[in-house]
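Asker: Those sequence lines, one after another, are chains A and B.
The numbering used here puts the first sequence at residues 1 to 133.
The numbering used here puts the second sequence at residues 1001 to 1393.
Mixed in with the good hints there might be a few duds.
Stretches of chain A that chain B covers, calculated by requiring three or more beta carbons in the stretch to come under 8 Å of a beta carbon on chain B [to be verified]: (1) 4-16; (2) 59-70; (3) 93-102.
Distance condition first, Cα-Cα at most 27 Å in a straight line; then the derived DSSO-like pairs of lysine-lysine [what the hints assert, rightly or not]: (4) B:LYS1089 <-> B:LYS1351; (5) B:LYS1221 <-> B:LYS1089; (6) B:LYS1370 <-> B:LYS1303; (7) A:LYS74 <-> B:LYS1370; (8) A:LYS41 <-> A:LYS12; (9) A:LYS21 <-> A:LYS47; (10) B:LYS1097 <-> A:LYS36; (11) A:LYS47 <-> A:LYS12; (12) B:LYS1093 <-> B:LYS1302; (13) A:LYS60 <-> A:LYS47; (14) A:LYS60 <-> B:LYS1368; (15) B:LYS1097 <-> A:LYS74; (16) B:LYS1068 <-> A:LYS74; (17) B:LYS1333 <-> B:LYS1370; (18) B:LYS1089 <-> B:LYS1068; (19) B:LYS1305 <-> B:LYS1333; (20) A:LYS41 <-> B:LYS1351; (21) B:LYS1303 <-> B:LYS1089.
If you want the footprint, here are the derived chain B segments under chain A, 3+ residues with CB under 8 Å [what the hints assert, rightly or not]: (22) 1048-1061; (23) 1345-1355.
It is worth saying that the hints were derived from the structure and are not from the lab.
If you're wondering where the values come from, they're calculated on a predicted model, not measured in any experiment.
Every residue gets a Cβ at the ideal spot worked out from N, C-alpha and C, and that includes glycine.
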Amino acid sequence: MEISCHRISSGKASGPALVSKETISFLGTVDPDTGKVVDPKHQLFGKFVGGKVLIFPGGKGSTVGSYVIYQLAKRGVAPAAMINIRSEPIVAVGAIISGIPLVDGVSEEILSLEDGVLVTVDADGEWVKIDGV
Amino acid sequence: MHLSREEEEALQGERGETLRKAMEILVALGDIYGADRLIPVRSVQVAGVSFKTIGEAGLEWISDLQGKVVVPSVLNPAGMDLSRWREMKIDEKFANKQIEIVDAYRRLGISPDCTCTPYQIRPDSARRGDHLAWSESSAVSFANSVIGAKTNREGGPSALAAALVGKTPRYGYHLEENRVPTHKISVEADLEASDFGLLGYIVGREVGEGVPRFTFRRRPKVYELKALGAAMAASGSVALYRFEEDAPAAPKGTEEITVTESDIEAVREENGADDDVDIVAVGCPHSSQQELENLARLLDGKKVKREFWICTARGVAERCPRLVEKIEGSGAKVFCDTCMVVSPASDRYEKMMVNSGKALAYVPGLCKIKAAYGSAEECVKVATGKAAARRVS
């Protein structure tokens, strides 16, 4: 299935889906050195964001979260791409400074996608492809 | 968002990778907030300076950038006085990282003035009607409300992007329609100078992101407005308030809040100083020359018995060296480039007395220590008082 979206940060990448119905504050929730979700209260606790297409409603929390995304990218443990329902500045800026494709403007149905499904994000073409759906 | 040909070229990477990313940040934010185009800014103040706040992650990002800012740009306070950090008992490792951060910004052409009050050292950086891209919440409030300039509250990267491009997306407080009052605040009290921080502390919690329009019994002085705005930006997220008689009226049906003397007294009472105070810190936002003069007068002939910090901008301290010398003769320390809120040096104390509604709101959460509030006079009294502070009235 291919759906249209809105480009926030340019680029194209594929990876297995990792879906969170909760918003994500990168500062404090994701370990910047390993990409592991370390906040026990978060839905994705214990999972790794590295190489995944991270799908979540949007960001929240401290603006330092943008730098955390950058640090993940430099360590090679950042998401391959990100999809938001509605992006806010922290994740948007983080994705841009890190060169991670980020799109928003997709329907909330995407939050029901199963983890592991192969997803391709083409931010410049403004489309998302979901395998086998 | 409409882009000029030049802007489009920068976005496509024809002017280098740093400028491409900077443009991408501005365009993304413009899209998110519905801006129609970019507008030139007169000056930029960049947040994300204290190593305590941005850590390795931020340092890496700034160090990796190439390029030069195209408009006058200064920095937010750092985690320490850049030359007297040893006196603050900052460890060497932190100091090195902090110096690396400021150097990385300097390489981008940003002035290493680390202050939350750029308007006190460079009055020409913001004039009525100017568009700015400033970051620090109290500076944003002062620029919008007292100077009459127009700025959103920028994050570190978006301010830096604005500095590199010289522009910011036109949305939020750049538009007149968003500068209209959302709350009416009737202040039914005869306010002393030190009441303004508490008033801001109260109103910020009530109005959140709103635009309060104040009615006062007398016209506030500039340093009182500075304290008021800083406190509202910390206890709430107020980036603009109105107080001038000719300010636009609040629309009909706007929520009205009355603040009385007893409301202010209650907060003062709740946050009074006691024996636990082991440090007194003033200068949030950074002290002006006038405030330093007042402190010098209050400290005249006295010796401090407790750690006493006075935070200011290096540009202010350098303008009046004899005043600084006079203050320090009492044993108080005049620290530049930093403040009690962003410096890790605060963390090793138990309870800090401040004369700032902003510091009162932030110190417990950011420094993980207790905070007490008093006027500048009371702060000096506690700092120079006997070893055990008695409750000051």
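Asker: Evaluate each hint against the coordinates.
Answerer: Each hint, compared with the structure:
1. 4-16: n = 4 at 8 Å, threshold three: holds.
2. 59-70: holds (count 6)
3. 93-102: holds (count 3)
4. B:LYS1089 <-> B:LYS1351: Satisfied, since the Cα-Cα distance of roughly 17 Å is no more than 27 Å.
5. B:LYS1221 <-> B:LYS1089: violated (36 Å)
6. B:LYS1370 <-> B:LYS1303: This hinted pair holds, its Cα atoms lying about 24 Å apart.
7. A:LYS74 <-> B:LYS1370: violated (37 Å)
8. A:LYS41 <-> A:LYS12: violated (31 Å)
9. A:LYS21 <-> A:LYS47: holds (14 Å)
10. B:LYS1097 <-> A:LYS36: holds (25 Å)
11. A:LYS47 <-> A:LYS12: The given pair, whose Cα atoms are some 23 Å apart, holds under the 27 Å limit.
12. B:LYS1093 <-> B:LYS1302: violated (36 Å)
13. A:LYS60 <-> A:LYS47: holds (19 Å)
14. A:LYS60 <-> B:LYS1368: Holds, at roughly 22 Å.
15. B:LYS1097 <-> A:LYS74: Satisfied, since the Cα-Cα distance of roughly 18 Å is no more than 27 Å.
16. B:LYS1068 <-> A:LYS74: Holds - the C-alpha atoms of A:LYS74 and B:LYS1068 are around 23 Å apart, at most 27 Å.
17. B:LYS1333 <-> B:LYS1370: holds (21 Å)
18. B:LYS1089 <-> B:LYS1068: violated (34 Å)
19. B:LYS1305 <-> B:LYS1333: holds (12 Å)
20. A:LYS41 <-> B:LYS1351: Violated, because 31 Å separates the two Cα atoms, which is more than 27 Å.
21. B:LYS1303 <-> B:LYS1089: With Cα atoms ~21 Å apart, B:LYS1303 and B:LYS1089 stay inside 27 Å; holds.
22. 1048-1061: Answer holds; 9 residues pass the 8 Å Cβ test.
23. 1345-1355: Contact hint for the region 1345-1355 of chain B vs chain A: violated, 0 residues under 8 Å.
The structure fails to meet hints 5, 7, 8, 12, 18, 20 and 23 from the earlier list, while all remaining hints are met.
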